[in-house]
Structures are given as structure tokens and as C-alpha cells.
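K.L.:
Please take these sequences and the hints and turn them into a complete structure.
Same order as they appear, the protein sequences are chains P and A.
Residues in the first sequence are numbered from 1 upward in steps of one, following the UniProt record's numbering.
Residues in the second sequence are numbered from 1 upward in steps of one, following the UniProt record's numbering.
Hints listed in this document are in silico derivations from the structure and should not be mistaken for laboratory results.
There's no promise every hint is true.
As the list makes no split between identical chains, a pair holds if one copy fits it or if it spans any two.
Stated by the list, open to error - Once the Cα atoms are required to be at most 25 Å apart in a straight line, the calculated BS3-like pairs of lysine-lysine come out as:
| no. | residue 1 | residue 2 |
| --- | --- | --- |
| 1 | K352 | K6 |
| 2 | K172 | K273 |
| 3 | K122 | K402 |
| 4 | K339 | K6 |
| 5 | K49 | K230 |
Remember, predicted model here, so these are calculated numbers, not experimental data.
Number of protein chains: 2
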Amino acid sequence: MHVSNKPIKVGLLGLGTVGTGVVRIVDMHQEDLSGQVGSPIVIEKISVKDRDKARSIPIDPSRLTDDPWEVIHDPEIDVIVEVMGGVEQTRTYILEALARGKHIVTANKDLMALYGTEILAKAQEMKCDVFYEASVAGGIPIIRTLIEGFSSDRITKIMGIVNGTTNYMLTKMSKEGVSYEDVLTEAQQLGYAESDPTSDVEGLDAARKMTILGTLGFRTNVELADVSVKGISGVSQADIAYARNLGYVIKLLGIADREDDAISISVQPTMVKASHPIASVNGVFNAVYVHGEAVGETMFYGAGAGEMPTATSVVADLVSVIKNLRLGVNGLKHIAPHKPKRLKNDAEISFKNFILLHVDDKAGVLARITQIFTEYEVSLASVVQQPNELNPNAEIVIVTHKASKESIDKVLRRFNELEVVRRVVSVYRVEG
Amino acid sequence: MHVSNKPIKVGLLGLGTVGTGVVRIVDMHQEDLSGQVGSPIVIEKISVKDRDKARSIPIDPSRLTDDPWEVIHDPEIDVIVEVMGGVEQTRTYILEALARGKHIVTANKDLMALYGTEILAKAQEMKCDVFYEASVAGGIPIIRTLIEGFSSDRITKIMGIVNGTTNYMLTKMSKEGVSYEDVLTEAQQLGYAESDPTSDVEGLDAARKMTILGTLGFRTNVELADVSVKGISGVSQADIAYARNLGYVIKLLGIADREDDAISISVQPTMVKASHPIASVNGVFNAVYVHGEAVGETMFYGAGAGEMPTATSVVADLVSVIKNLRLGVNGLKHIAPHKPKRLKNDAEISFKNFILLHVDDKAGVLARITQIFTEYEVSLASVVQQPNELNPNAEIVIVTHKASKESIDKVLRRFNELEVVRRVVSVYRVEG
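P.N.:
Written out as C-alpha cells, the structure reads:
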């Protein structure tokens with residue numbers, strides 16, 4: 001109890017969607033929050049881009065500044081809540097705030113994915129807290145769950161729908177037959193997707209979140225470069241139909257898995273068994289499925305974005321920081337060791353595959369195809385050859401058993417060289 | 001950092017299913033656990049019913065005792081892990097352990113539902129931790145989530161499938177058409193249900209868990225007597241079929257809800273819309289759906305029982321206790337205020353209802369029935385009258401809009417008095 005019950009002063013960097021939610025929650029729930037932490041919580045200063053912009057909440061203009069440094073340099077401020085986004089400049093703000101002994105709550109996945117290690121090291125040096133629950137899966141308290149709830153277990157697999165935009169798009173494509181192009185336009189009109197949607201649809205946003213989840217789940221330093229990434233821009237209505245016929249749905253999944261002490265992390269459109277709990281997560285919702293050696297299967301579901309869900313996580317972190325502040329234990333909670341990291345090589349990464357080929361419609365082709373799988377010791381769960389109504393080729397739909405990425409890559413290279421194979425149309429990872 | 005890195009000594013009360021799991025996890029993950037807490041964790045003494053019983057894990061016999069007091073009185077022991085079950089005698093052990101300054105981790109929902117308030121008060125007085133994550137929903141870290149993850153929000157509704165036995169039974173009845181009696185026998189043979197299954201099938205076990213969830217979610221002292229309870233022994237194959245035709249599944253749900261500051265908590269078989277996330281939670285799995293004003297819809301899914309999932313939660317609590325021990329902050333974390341409790345009366349409790357009536361098959365009956373609903377201002381979502389193939393009566397299937405419990409009770413009383421109503425066959429709460 002190092003701090004009396006004088007007000008805790010918070011500096012807010014950014015007053016966009018999430019920042020507005022934070023102010024709203026701190027206002028609305030002041031009594032309940034200060035009851036929990038033992039002191040009033042005051043949002044002392046807020047840095048914004050435009051001080052004159054109209055706001056949806058009443059804000060005392062004297063608290064606004066257009067200079068983030070003014071917030072960071074204010075000696076009265078104990079905690080910085082960073083919801084302004086951005087990476088390089090924001091990193092400078094955060095590191096300087098830590099150097100001044102201020103605790104940090106951030107919703108910034110890009111920052112944590114790229115500079116998390118540096119920021120957490122600085123925090124440890126300064127005995128400061130850095131909490132970032134809102135950086136992954138908005139309102140779902142998945143970071144707490146991985147750090148504390150499963151502290152006793154060994155996580156073997158994390159599968160996440162951690163990008164609401166692409167899940168909205170795939171859900172629409174799947175349920176309503178809308179094309180990729182049309183649903184993207186619609187998502188942009190609804191404000192779910194940016195005018196430049198690359199970061200969402202090419203899987204980069206999900207990859208950043210998987211960097212954070214992998215680091216926490218496997219207690220090792222996963223970096224963005226460790227994540228292999230493929231987006232959803234190649235997903236067609238035909239692929240969705242094939243998936244449906246086989247009992248699967250296509251989801252953009254972040255998948256982190258571990259065997260012994262080797263890990264792999266990837267983001268890709270994945271065919272998921274329709275009966276798997278994560279398969280029924282639709283629309284902008286997020287979910288993180290976690291498998292632990294002891295706990296078995298678990299899943300955590302909720303809103304992945306949006307003003308109030310994300311602000312819920314930010315303010316919950318703020319409560320944790322202030323509780324620690326009152327107990328004098330900031331920056332001391334995470335004694336967790338960082339294990340050495342070993343990434344699986346392509347021979348060790350293994351999963352089931354869906355492969356769709358267009359081939360010449362003549363005798364012996366199917367035998368030729370299956371023989372190539374045999375050469376690379378890939379065993380098959382099912383192979384169906386059927387005439388393709390749209391063109392003179394036949395098509396072959398293959399689902400493999402688990403096979404190494406190395407073998408599948410070799411098989412696909414062979415197919416590309418084979419004259420009877422007109423085209424490798426689609427390849428998907430298969431889960432569940 | 002009040003404690004050096006000398007071993008932390010733990011006393012275990014009970015070595016049944018969960019106790020065995022605890023020993024297993026502490027053994028298997030010793031390196032990782034001691035890395036997290038900064039000290040080795042030693043299970044110093046274990047109290048058991050029968051010292052000579054064969055065990056599935058290697059146990060040094062000198063650590064076993066048949067006297068729980070020997071564990072509690074051992075001055076070397078810092079933390080007591082209670083996984084022996086029982087209520088009255090166990091309460092005595094726990095209170096005495098707290099009086100001696102020992103911290104408590106327990107998986108005992110009965111104890112916490114009945115004596116939680118007393119035990120937590122004693123813990124606060126002695127500056128001791130009492131953690132009980134495993135008491136609700138086994139491996140799902142729902143207690144942490146309610147206390148910390150949603151500290152910033154106002155929870156408005158909690159719906160839980162918190163009894164795996166009855167969920168297994170209802171799933172079997174629903175998916176395979178097995179009768180209640182047959183599935184109960186099977187559940188008993190599989191060890192999912194006790195030889196006296198009353199506590200599970202009559203909803204008492206779920207009610208105890210809802211007492212704990214309601215207390216945490218609404219930050220007020222919910223007592224077992226506040227929970228209205230109805231079990232699944234009256235659920236028939238016919239009811240399941242009616243539910244299916246209307247797009248619902250029947251689940252035993254614990255439901256805690258709040259409007260303004262009035263709350264209600266109940267456990268009952270409920271018809272849940274098939275598209276609701278909780279509707280697809282099957283078998284022995286548990287799930288807790290939480291709705292918060294800010295965060296919106298969330299759901300937490302996992303194994304509700306079993307040796308290793310439950311032990312995961314127990315050992316995660318143990319890690320939290322030991323971290324606090326090393327920081328010298330045990331018993332200080334929960335400054336959360338307890339709000340005054342106000343239970344909704346029957347006029348305030350409101351939900352949708354499914355009602356199945358057998359009536360005389362003659363003109364004017366339907367009008368008579370609907371007129372009674374109108375009298376009590378209950379509006380109807382659907383009414384279908386159809387001949388019943390099995391007997392000379394007609395049947396009427398009604399789904400109401402939200403209506404007060406008081407009104408529905410009055411309507412049902414009128415039906416019971418009405419000559420044309422042969423029988424009120426089934427009444428279910430409807431959700432989603």
C-alpha cells in the first residue's frame with residue numbers, strides 16, 4: 001500500500017474509437033472502478049490530432065493537447081493509456097514514458113508485435129507495468145488467460161480467428177454467396193475494412209496478433225518474421241463450395257502449434273471441420289481456441305474490435321495497473337522465463353491438406369497423381385475425380401492425411417511440372 | 001520480495017481424481033512452474049482416507065497421512081490445496097488453516113457456495129489468499145475472467161452450462177434419441193453420474209456454481225437460497241422434438257441476470273435458439289456465456305471436470321498464491337466492494353416461455369386460451385394448434401414473448417382450473 005487514496009492520474013494518447021470508449025467507461029463506472037482500486041481514476045490529459053474536432057462525449061477542452069509529449073512529460077501522470085496507434089513514433093513515446101517511470105496500457109498490436117520485447121525489457125528495468133490485453137481479440141481476455149489461467153499447463157496449440165474484417169467477409173461469402181470483390185466493397189462501406197485493406201485481407205493483422213499469442217502461449221520470443229502468412233484474397237466461391245461438400249468451412253486462422261520444444265506459427269485460410277467449435281464463429285466475432293496438454297480443448301469467444309469491447313479490455317488493464325500501484329508491485333509479476341525458441345522446419349511442420357487439381361480427362365491420370373503422393377509418403381484420406389462441368393478438364397479433389405509441408409511442397413512442384421495436370425487450382429490447410 | 005527462493009511447501013488435502021492431477025502437474029511441470037514463481041514447489045504432505053490404497057502415481061509414503069490436521073498444523077506448510085470435498089468438516093479445516101496464516105486453493109464449489117462469505121472474510125482478516133478457480137467449470141478460467149478480465153464492465157447476464165453430467169445426458173437424448181432413464185444409467189456406468197445422481201440431475205450442483213458466478217459477476221453476495229432450481233428429470237423426448245421443430249435445443253442452463261440493480265438467478269432446463277453460441281456446447285463440455293454492457297457477448301468453453309483440466313486450474317491458482325507470496329501481497333488484491341443485493345420479485349423476472357397444452361379438441365378452445373394470455377398482458381410469438389396423434393386431445397404449442405414470471409404463473413394457474421385444458425404438459429424458459 002505505497003499509494004494513499006489520492007486520485008490516480010491517467011494520460012490518454014489518442015481519442016479515436018477506443019479512446020472515446022475508455023473515457024466513456026471511466027466516466028460511467030467511476031464509482032465501481034474507484035471502489036475496486038481504492039482511489040478515483042482521473043483522465044488528466046488527452047493528446048489528440050485535432051483539438052477542435054467535434055466529439056461524441058463531453059470533454060473538458062483544457063484537458064486536450066495536440067502534443068503527446070505534453071502528456072508524457074506531465075509528472076502528475078502515473079499511467080499512460082496508448083490508443084493512438086502507429087508504430088515508430090509511438091514506440092518513442094512509450095519508451096520515454098517508461099523511462100520516466102510511467103506504467104503503460106496499450107491496445108497497439110502492431111507496436112507489441114514489432115517492439116514488444118524491447119518495451120517489456122525497458123518496463124522490467126524501470127519496474128513498470130505494460131499491459132496490452134486489448135491488442136489481441138478486443139474484448140476477449142485472452143492474454144490474461146494465457147499468462148495466468150494456463151500458467152500451470154503446456155499449451156500445444158492455439159488457433160485464432162483474430163481478424164474480424166476477414167471473418168465478416170468469409171462469413172458473408174459462405175452464407176450468402178457474395179463474391180470476394182463485392183464483400184470487400186461492402187466491408188469498406190460499413191467501415192469494417194480500411195480503404196487500403198491489405199493488412200486485413202493479406203493476413204498481416206492476424207500475423208501480428210499471432211506473434212503476441214505465440215509469445216505468451218509458448219513462453220518464448222516469437223517474432224513477426226517467424227509467422228508464415230497467406231491472406232484470403234485467393235478464396236473463391238468454388239473453394240467455399242468444395243469445403244462445404246466435404247463438411248468444412250473456410251476461416252482465416254492463425255495457428256500456432258508446438259511439439260516437444262519446436263514451434264510453428266502461421267496464418268492462412270483454412271478448411272475447418274464444421275463440427276469444430278471455431279467453425280461456428282461468424283461475422284465480426286473473434287475466437288481463440290487453445291489446446292493444453294492438461295486442460296485439453298478450450299475456446300474463448302467475443303467481440304474482436306469496436307469501441308466498447310476494446311475499451312473494456314483497456315480499462316481492465318488500467319484497473320490491474322492501479323491495483324499493483326497501490327500494492328507497490330508494478331513490474332514484478334512476470335517472472336516467467338523466456339524459453340529458447342526453435343522453429344519447426346518444413347519437414348517437421350505437418351497438417352492435412354485439401355488440393356484441387358484440373359487435369360486432362362483421360363485414363364491413367366488418377367493413378368499417376370496418387371503415385372506421386374506415394375513417392376513422397378503422403379497418405380490420402382480421400383480422392384475424388386469428377387468431370388468439371390465448366391471446361392473440358394476433369395477435376396481431382398484430394399484430402400490428405402497429415403503430411404509434412406516439405407513433402408506437400410515437393411508433390412505440388414511435381415504437379416506443376418506434370419503435363420496432364422493443367423492447373424493446381426487450390427491448396428488449403430485442413431483442421432479438425 | 002519477502003520470501004527467498006527457498007522451496008514453497010504445499011499441503012494437499014485429498015488425493016482423489018483432482019488431487020492426483022495436481023501431483024502430476026506439479027511433477028511434470030516443476031521446471032516451468034518454479035521458473036515462473038522463482039522457487040521450487042514441494043508437495044510436502046498429503047492427507048488421504050486410506051494410506052495403503054494403490055495409486056496411479058508414485059508417492060513417497062512418508063508424505064501421506066490419514067489425519068488432515070497433521071497437514072494443517074505443519075508450520076512448514078505455506079499453502080493448503082483442498083481437493084478432498086465435503087462441506088462441514090472441510091470448512092473447519094479451512095478456517096483453522098486460515099487462522100494459522102496459510103493460504104488456500106480449493107476446488108470445492110459446495111464449500112464456496114455455502115461458506116464462501118465466511119471463508120473470504122476470514123482470509124481478509126488474516127491477509128491470506130483464497131483462490132477457487134477450479135470450483136466452477138473445471139479448466140475454464142472463468143473466475144479470473146469475471147474478477148479481472150471484466151473488472152471494468154457491468155455484467156448484465158451470465159448463462160452457464162456448468163454441469164457436465166446433465167449436458168452429456170441432454171446431448172445424448174437430443175442427438176441419439178436415448179430416453180432419460182437409459183442415458184442416466186449409461187452416465188452412471190461411465191462414471192459421469194453418481195449412484196445417487198440427485199445433485200446433478202436436479203440442478204443443485206449447477207445452482208452452487210451459479211451462486212459463485214453470480215457473486216463474482218454482480219459483485220454482491222449471492223446465496224444458494226437465492227437461486228431458483230429445476231432439474232432435468234422431467235425432460236422428455238417429446239419436449240426435445242418440440243424444441244427442435246421450433247429451432248431450439250434443450251440445455252440445463254444456469255442464468256443470472258441483472259437489470260439496474262436487481263438480480264435474479266435460476267437453474268432450469270431451457271430451450272435455447274440453435275444459433276446461440278451456447279447451444280452447440282455438447283457432451284461433458286462446459287461453457288459460460290457472459291454479456292457485459294460494454295463488452296457485449298462473450299463465451300468461454302472447455303472441459304468442466306476431469307483430473308487434468310480441473311488440476312490445471314488448481315495449479316494455476318497455486319502459481320498465483322506463490323507469486324503473491326513472493327511479492328508479499330497475499331490477501332490484498334480484492335478491494336472489490338460488495339454491493340447491496342436486491343433480488344427481483346416475480347413481477348420483475350421476465351423471459352420468453354414455451355408452453356405445451358393438451359386440450360379438448362373442440363371449437364373455441366384456442367380463442368379461450370389466447371384470451372387468458374391477453375388478460376394477463378402476455379403477448380405471444382406463436383401459437384399452433386394441432387391434433388395429437390396419440391390421443392383424442394388436440395395440443396397447443398405456445399411460445400410467448402418476454403413476460404413476467406408472475407403473469408405466466410397466473411396464466412398457468414388459470415389453465416389448471418380450466419375444464420377444456422386436459423393438461424399443462426410442459427413449460428420451458430426460452431432464450432436466444
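K.L.:
Which hints from the list above does the structure break, by number from lowest to highest?
P.N.:
When the structure is compared with the hints, numbers 1, 3 and 5 turn out to be violated.
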